[in-house]
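Asker: Chains as they are written, first to last, in this note's numbering: chain Y, 1 to 386; chain X, 387 to 574; chain B, 575 to 736; chain L, 737 to 1097.
Keep in mind that the hints are not guaranteed to be accurate.
One-sided excerpt, in silico: chain L residues whose CB lies under 7 Å from chain Y [claimed, not checked]:
hint, residue
1, 787
2, 971
3, 1065
Hints are computed from structural coordinates only; laboratory data are not their basis.
Nothing here was measured: the structure is a model prediction, and the numbers come from that model.
Note that the Cβ used here is the ideal one computed from N, Cα and C, for glycine as well.
Each chain is listed here by its residues.
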Amino acid sequence: MSQDLTKNTKVSSQSSKIRTEEMILNMGPQHPSTHGVLRLELGLEGEIVTKVIPHIGYLHRCFEKHCEAMTYPQVVPYTDRMDYLASMGNEFGYAVAMEKLLGIEVPQRVEYIRVIMAELQRIASHLVALGTYGADIGAFTPFLFCFIDREKILHLFEITCGARLLYNYIWVGGLSHDIHPDFVRKTREFIKEFRPNLKEINDLLTHNRIFIDRTANVGVLPIETAINFGVSGPNLRGSGMKWDIRRDDPYSVYSKLDFDIPVGKGTYGTTGDSWDRYFVRVLEMEESCKIIEQALDQLPEGDVTSAIPKRIKPNVGHVYGRVENPRGELGYFIVSDGSTSPYRVKVRPPSFVTLQIMDEICKGYMVADVVTILGSLDIVLGEIDR
Amino acid sequence: MREYFGNIFTALSTIFVGMKITFKHMFVPAVTIQYPEVKPELPERERNRLYVNIDDCIGCDQCSRACPVSCISIETTKAIPGEDLGKTSNGKKKALWVTNFTIDFAKCCYCQLCVFPCPTECIYMTDVYEFAEYKRENLLYDFVNLTHDERQQKRDNLAKFNAEKEAEKLKAASEPKPEIKKDQPEEK
Amino acid sequence: MKKAEEIFQLLKDNFPDQNLELKTDQPTEPVILIAPDEIEKISLFLYKNTELLFDSLVLLSGVDEVKANLISVYYHIESTSLKHKIVLKVSTDRNNPEVVSVTSVWKGADWHEREAYDMFGIKFTNHPDLRRILMPYDWEAGYPLRKDYENPEFYQGMKVPY
Amino acid sequence: MMYDFFVDLFGSSTLAGIISGLIQAFLPLFTFILPFALFAVWLERKVSAHMQDRLGPMRVGWHGWKQTIADILKLIQKEDIVAKDNDKLLFNIAPVLTFAGSYAAFAAIPFSGYFIGTELDLGVFYIVAVTGLVVAGILMAGWASNNKYSLLGSMRSVAQIVSYEIPTMLVLLSLVMISGTMSLHTLSEMQTGYIWNWFILGGPGFTLSKFLLIPLMFTGFLIIYISTLAEVNRTPFDIPEAESELVSGYHTEYSGMKFAMFFLAEYANMFAVSAIVAAVFFGGYQSPFGYLGNLVGAEWLIPVEQFFWFTAKGLFFVFVQMWLRWTLPRLRVDQLMTTSWKYLIPIAFVNLILIGLITLL
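Isolated chain Y (complex conformation) (with noise of 0.2 Å):
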């Protein structure tokens, strides 16, 4: 790290007399607004950002060399608590990437349960996701209006599987419960309350000025560099392309529920800049309540644990599954021996793709810009260290 510092410590020539030294500042591992334990290593002229390093590991857990030494569904629960803020989704991929590698059909109830929970997983994620946005920007009060309603869906969760945060609810070939007999009634009555929440964070936080000035203009991502350092999820539709699994390359019963893919348009600002990436989570939530009400109506009849394999012990081969998870595609590169647990996991985390652009896109903006960047990549260490 030491040689970085002294490459980097260059005397500017802007003004011959005063002699500037580039600071170095180094924000986290234990910083309030990097959510979780990232650490950025800042060059600054002034307040003015000149690099940025991400330095990540420090939340690192082996998931991939946990995996090689468990049995197929005992990866479940590992799976959760990666992203943790989206465990469905996660469990989800997993799900879909290893039932392509065994060739299961699984029943169309199995896959609408599926859908409405990842939907729900969805609509929590980006709460937490606006709530810590403004708290990064100084509101702190939307956050916890966000955190309300995000303990609704945690409650939805909890009478389904009993637990709130990593549920090992979605197995391979099917789910560990059926939805509680409530569980139809409270989504229902959630999307009824959620609506009039969410109008109401838009007001108090979305289209406030002080928010707009911070976040439009800031941290523009062009959409031909989002795809080349492949960028996914409300990051990429952020900068205006209509890139969603969901619609682009569907599994499970999407290609049956009709949403739109909202894209940012540059309201207030440049097309691809924080407010249009942050407004496109706002845009997905309404779009997720969409599909819930629709997979709600659809809902078939029918048993949920009948595909649940008895002994997974797949061909040999490999697999790669992916979904569209809160933060963009999350993918499974599943390798199996042949034997009952897999040979390679490698996981394809949203995050991490998406950590590699601050550096590019951070430069020449402030200090405070940066947390603002960050803060609108929605990033979850968990996922990107694993």
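Add chains X, B and L to chain Y, keeping to what the hints say.
Answerer: Frame of chain Y; chains X, B and L shown alone:
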């Protein structure tokens, strides 16, 4: 010029809208509860501390094998012939003394994977969530209702029985061959 | 939208002297095997060719094939405009794994390659900043995702298996 | 009075002078500023809690009113951590200086017609000048901490306070032009009587100029309120201690009682600036509708009522400060400068000129 006053207007009006919302919320009843006095209502499927009904346990070790974090450790001792262990509540015959059944809740990840394979439904999750401890050792729960001496006695019984059998086998080994084959499956 | 066979044929036509191989016996994904030195060239072609336009590297994963004494790298690439995808595979010697970096084609490969280096010790030549990424920078006990990896007793004076 | 008593007691006028001076200096601290700061911290917590559908502190005393007392007791007991590379002298002086700045401002604040620390002819000027001391304290704290976050925070703070003093001064100047005095006591006395005599409603008298002044006075009030918000580092201008960027800015390295001094200074300052706003625009300690004391013929009631009205007005503005804090995000440092130099200062200046023209009428 128009933009200048437009900025002032939007700034003030959006601030005013925001203030209206927060003011309204001052009169909304709180959603939080005073926790230790008021407890949250837990749904029926709540997944918290595991409980093992040891009377029903047949010592099949399935939960231990399903556990992804290896927090369940089971030691079983075969019952010697003549001992009657009774039946479980769903009619399975017990053939093993469970001499050790500990769950380390410091390791447990509350995934419920151990609950499903249990043939007698004797391991299940309860809604007890207040069991923090100052020492990790205290989180090691022992579910066996036998005393230390009783466990040792079971082990000794088996060892004695095995020794007797071994002696018998040795005696048999000195005799003609076919009888050994007969003994082997029992030994498993 | 092109099928794997078509993509393979296109590659074959443009790189006649290359030792390319299409494997479709895998249950779900067809794989094109490429030599480790040529991956950058072929990637650039896949990226630039107007019929292919593979503009996005989805995933780069190392796999330790200990039985064959090989270390392989899988590239899952995708075209966001033409919506087709393909898997490339590169196998290299396990004792001295070296692969040409594709960061000049897809910038997103940067951290993926660092991770593969961190976990398998694959040296990506031409990589701008090949350091460890998830493990500590001064981790000296080898590459953890290799099948024969063993934890060290001590790291910086701290006992590792606690 | 106190002086005479001590002269009798000690027989020495010097010693008596020192002791009575000390007592007079510390009396407001223990009778008003400390209790107020404790109350304000509690209020802040409760206001924020209720705005966020929470309960806030509920355990210590009724609705947790003793919570801040417990907190201060805790802070006093805490270890005073001084890092190895801190500039020890500056590090220790900084909190004292910051607190002194906000504390000294209370000397000239007219709590009632009868109770006022020192009746300065330059009251307005004095308060603005003495709160400038806070800047020095903050800069010292940031520099002496030898911490990059603290340094950034304190530099931001200095830039902010210096730029926002200008609109504050311009608005106060316009008031001085109307009233012809800089004494807060005289200013308050001028607004005596009823609500329509307040300067926010054009000041005393019923002339054409009064009605012309009303919109200008509202503008002036908004400007001074916004800029005082910035001067006391409250949201949306809390960038010196922006907790999401700079952890907590200039007081990151402080702990224990020194941190408590910064903390108290912040809340004392909140009241000080609210008091100025109340004194110059909202009739100071004057009741909006006559005095009960006059009505029942109890003269002694009037100072009490005046004190009540003044604190109530001050507290109301403190409440609005909190309300804003829990509603708004914070600005960036360049936007902060834009707000001051491009919006507040030109408008305040035009306002000043217009008020000057009207007073010529």
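Asker: Mind listing which of the numbered hints don't hold for this structure, in increasing order?
Answerer: The structure conflicts with no hint, since it agrees with every one listed earlier.
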